[in-house]
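Visitor: Sequence:
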Amino acid sequence: MADKYTKDKRYRIAHYIEKDSNSYFESDTRWSWEVTDTKTKKLITTFSESYFANASGSEESGAKDVSFSLDEKTVIATYYDGSVEQVDLKTGKVIETKRPDDSKKKKETEN
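Residue numbering for the sequence shown is 1 to 111, as defined by the numbering used here.
Some hints could be false.
Below, computed lysine-lysine pairings styled on BS3-like, alpha-carbon distance capped at 25 Å [unchecked claim]:
#	residue 1	residue 2
1	Lys42	Lys4
2	Lys4	Lys39
3	Lys90	Lys19
4	Lys64	Lys42
5	Lys19	Lys39
6	Lys64	Lys4
7	Lys93	Lys39
8	Lys4	Lys93
9	Lys93	Lys42
10	Lys42	Lys9
11	Lys9	Lys73
12	Lys90	Lys42
13	Lys19	Lys98
14	Lys41	Lys73
15	Lys4	Lys90
16	Lys93	Lys73
17	Lys9	Lys41
18	Lys90	Lys73
19	Lys64	Lys19
20	Lys64	Lys93
21	Lys19	Lys4
22	Lys39	Lys9
23	Lys98	Lys64
No wet-lab data here; the hints were simulated from the structure.
It should be emphasised that the depicted structure is a prediction, and the values quoted were computed from it without experimental measurement.
Between the sequences and the hints, there should be enough to build the whole structure, so can you do that?
Guide: Structure representation (structure tokens):
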């Protein structure tokens, strides 16, 4: 997958394979997403993604996609479980996390 950059090329999202193990019986692949400041070369944050398959089936987990927000002030990771995480590019801090189960838990405790 090609690297993604902000319009001013200040920030970069790189997606690369960390581990790729395939045999006749199973497949185990792991990827990393690295978000860096191209000016300072500082690593801002990382996300991981994995895929495992064997005769019993397959499973994907971790970050499904990582992209810049429209205003290019944050990076947004969308996960296979439906959760979304937003990280501030200047500070590297998580500023928002949304999980699909959060609303269900709140409703269950209210009853």
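Visitor: Hint by hint, say whether it matches the structure.
Guide: Results of checking the hints against the structure:
{"no.": "1", "hint": "Lys42 / Lys4", "verdict": "holds (16 Å)"}
{"no.": "2", "hint": "Lys4 / Lys39", "verdict": "holds (15 Å)"}
{"no.": "3", "hint": "Lys90 / Lys19", "verdict": "violated (29 Å)"}
{"no.": "4", "hint": "Lys64 / Lys42", "verdict": "holds (23 Å)"}
{"no.": "5", "hint": "Lys19 / Lys39", "verdict": "violated (28 Å)"}
{"no.": "6", "hint": "Lys64 / Lys4", "verdict": "holds (15 Å)"}
{"no.": "7", "hint": "Lys93 / Lys39", "verdict": "holds (19 Å)"}
{"no.": "8", "hint": "Lys4 / Lys93", "verdict": "holds (20 Å)"}
{"no.": "9", "hint": "Lys93 / Lys42", "verdict": "holds (14 Å)"}
{"no.": "10", "hint": "Lys42 / Lys9", "verdict": "holds (14 Å)"}
{"no.": "11", "hint": "Lys9 / Lys73", "verdict": "holds (13 Å)"}
{"no.": "12", "hint": "Lys90 / Lys42", "verdict": "holds (11 Å)"}
{"no.": "13", "hint": "Lys19 / Lys98", "verdict": "violated (28 Å)"}
{"no.": "14", "hint": "Lys41 / Lys73", "verdict": "holds (17 Å)"}
{"no.": "15", "hint": "Lys4 / Lys90", "verdict": "holds (17 Å)"}
{"no.": "16", "hint": "Lys93 / Lys73", "verdict": "holds (12 Å)"}
{"no.": "17", "hint": "Lys9 / Lys41", "verdict": "holds (12 Å)"}
{"no.": "18", "hint": "Lys90 / Lys73", "verdict": "holds (8 Å)"}
{"no.": "19", "hint": "Lys64 / Lys19", "verdict": "holds (17 Å)"}
{"no.": "20", "hint": "Lys64 / Lys93", "verdict": "holds (20 Å)"}
{"no.": "21", "hint": "Lys19 / Lys4", "verdict": "holds (21 Å)"}
{"no.": "22", "hint": "Lys39 / Lys9", "verdict": "holds (9 Å)"}
{"no.": "23", "hint": "Lys98 / Lys64", "verdict": "holds (15 Å)"}
Hints 3, 5 and 13 from the earlier list are contradicted by this structure; the remaining hints agree with it.
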